[in-house]
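I would like the entire structure built from these sequences, with the hints used as guidance.
Number of protein chains: 2
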Amino acid sequence: MRSKLPKHIGFIPDGNRRWARARGLPKEAGYAFGIEPGLELFELCRARAIEEVSVYGFTQDNTRRPSAQTEQFQAACVQFANTIFTRGAALLVLGDERSPLFPAELKPFRQRKGEGIKVNFLVNYGWEWDLNGLKNGGLRSSDVSRLDLIVRWGGGRRLSGFLPVQSVYADIFVLDEYWPDFDVSHLGRALEWFAVQDRTLGG
Amino acid sequence: MRSKLPKHIGFIPDGNRRWARARGLPKEAGYAFGIEPGLELFELCRARAIEEVSVYGFTQDNTRRPSAQTEQFQAACVQFANTIFTRGAALLVLGDERSPLFPAELKPFRQRKGEGIKVNFLVNYGWEWDLNGLKNGGLRSSDVSRLDLIVRWGGGRRLSGFLPVQSVYADIFVLDEYWPDFDVSHLGRALEWFAVQDRTLGG
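Protein sequence lines correspond, in order, to chains Y and F. Those letters in the first sequence? Residues 1 to 203, by our numbering. Those letters in the second sequence? Residues 1 to 203, by our numbering.
Keep in mind that the hints were calculated from the coordinates and are not lab data. Please note: incorrect hints may appear among the correct ones.
Intra- or inter-copy, both count: the list cannot distinguish identical chains.
[Said to hold, decoys possible] Listed below are the simulated SDA-like cross-link pairs for lysine to any residue, each with C-alpha atoms no more than 25 Å apart in a straight line:
no. : residue 1 : residue 2
1   : K118      : L39
2   : K135      : S145
3   : K107      : R21
4   : K118      : A76
5   : K113      : V196
6   : K27       : L201
7   : K4        : R157
Laid out in structure tokens, this is it:
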């Protein structure tokens, strides 16, 4: 039986575009409203002494979207990463940095940098890109530990390629609220739910 | 947007032991009560013209359980596999056949055999065993297609190592009922739910 507090939580902050649309804004306007909630969640995790968090920024699949969107989520990711690094995080940015879709400003973080809560930020990440590392010695996410809990906003009951190896035994908590509507109670609800899950890891 | 009917469904029939305990039976007695529901579900999928199904039998992690349990779930798997093959299925048994924990009777099915609905039956399966194939040319589950929908019984909101690559974009439907309490309405509920999910595959 694992501890009742997760050591490592994954976050899938989905629903930015639907949130914007519901407000009559262009879809791509949603991403900028996702930064502040991310910083709030970061502080909450730190306050709860969570050791490691993994956050879905954007995927290689996402980059097939119109450039009005890709530019907005790239900018939002850069701003989020720089801010949490400044506030104090051991930050790893995980994704294919050889692509022009990977923001150049984040290249220094392809190696973990800084002190504090471990943050793995998935930027231009792809599950195939990650697993293909196995053909040459190891997962590209080998510095990311097993996930205990995954929290997803926006109602989707799926992983969408999020760290498939680290997710194998994770408990998945889904919130119907769109990510920009993040509220501090969300993390509390997820942790309470996690504490009562029966975790046997197959044994 | 994918079709509203899933082409490939994964089934995680969990809760056999809890079902037995709730009836005052020894834990291991639950597995035998999982066979008939499995055959019923097989016929339902066939009737609905589902092209491919993947079914969790047992995993390498499960084999760490007491032998009273492992013997029961091994026997249940052999009986289920033989019955659906006789009724007409293109059956592949997927798992580490080099281990004594893999039932010898199922070795002929390590290569797909038979005609009819495609069934992938995971027996002594391990997600690491599967992925380790990548180090030598390809996934060990390379003959299993991408999953559209996963249905899990027993209330657990997790994948428990179920086909991590094929699961990356699958919608996950969880039933709180224990597997031996399977009811024909369960598949109907899962398919109705699936039909209204918004599936973008990241695009």
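*asked:* As a check of your reading, is K113 near V196 (CA-CA no more than 25 Å) within one copy, between copies, both or neither?
replied: neither (35 Å within a copy, 43 Å between copies)
*Using 25 Å as the alpha carbon limit, work out where K4 and R157 are close: within a copy, between copies, both or neither.*
Answer is both; intra-copy 23 Å and inter-copy 16 Å each pass.
*Please work out whether the CA atoms of K107 and R21 approach to 25 Å or closer within one copy, between two copies, in both situations, or in neither?*
Neither, since 32 Å and 54 Å both go past 25 Å.
*Is it within, between, both or neither when you check K118 against A76 at 25 Å Cα-Cα?*
within (20 Å within a copy, 44 Å between copies)
*For K27 vs L201, is the C-alpha pair at or below 25 Å within one copy, between two copies, both, or neither?*
Classified as between: cross-chain Cα gap 17 Å, same-chain 40 Å, threshold 25 Å.
*Between copies, within a copy, both or neither: which fits K135 and S145 at Cα up to 25 Å?*
both (20 Å within a copy, 21 Å between copies)
*Is it within, between, both or neither when you check K118 against L39 at 25 Å Cα-Cα?*
This pair counts as within: shortest intra-copy Cα distance 14 Å, inter-copy 47 Å.
The structure shown violates the earlier hints numbered 3 and 5.
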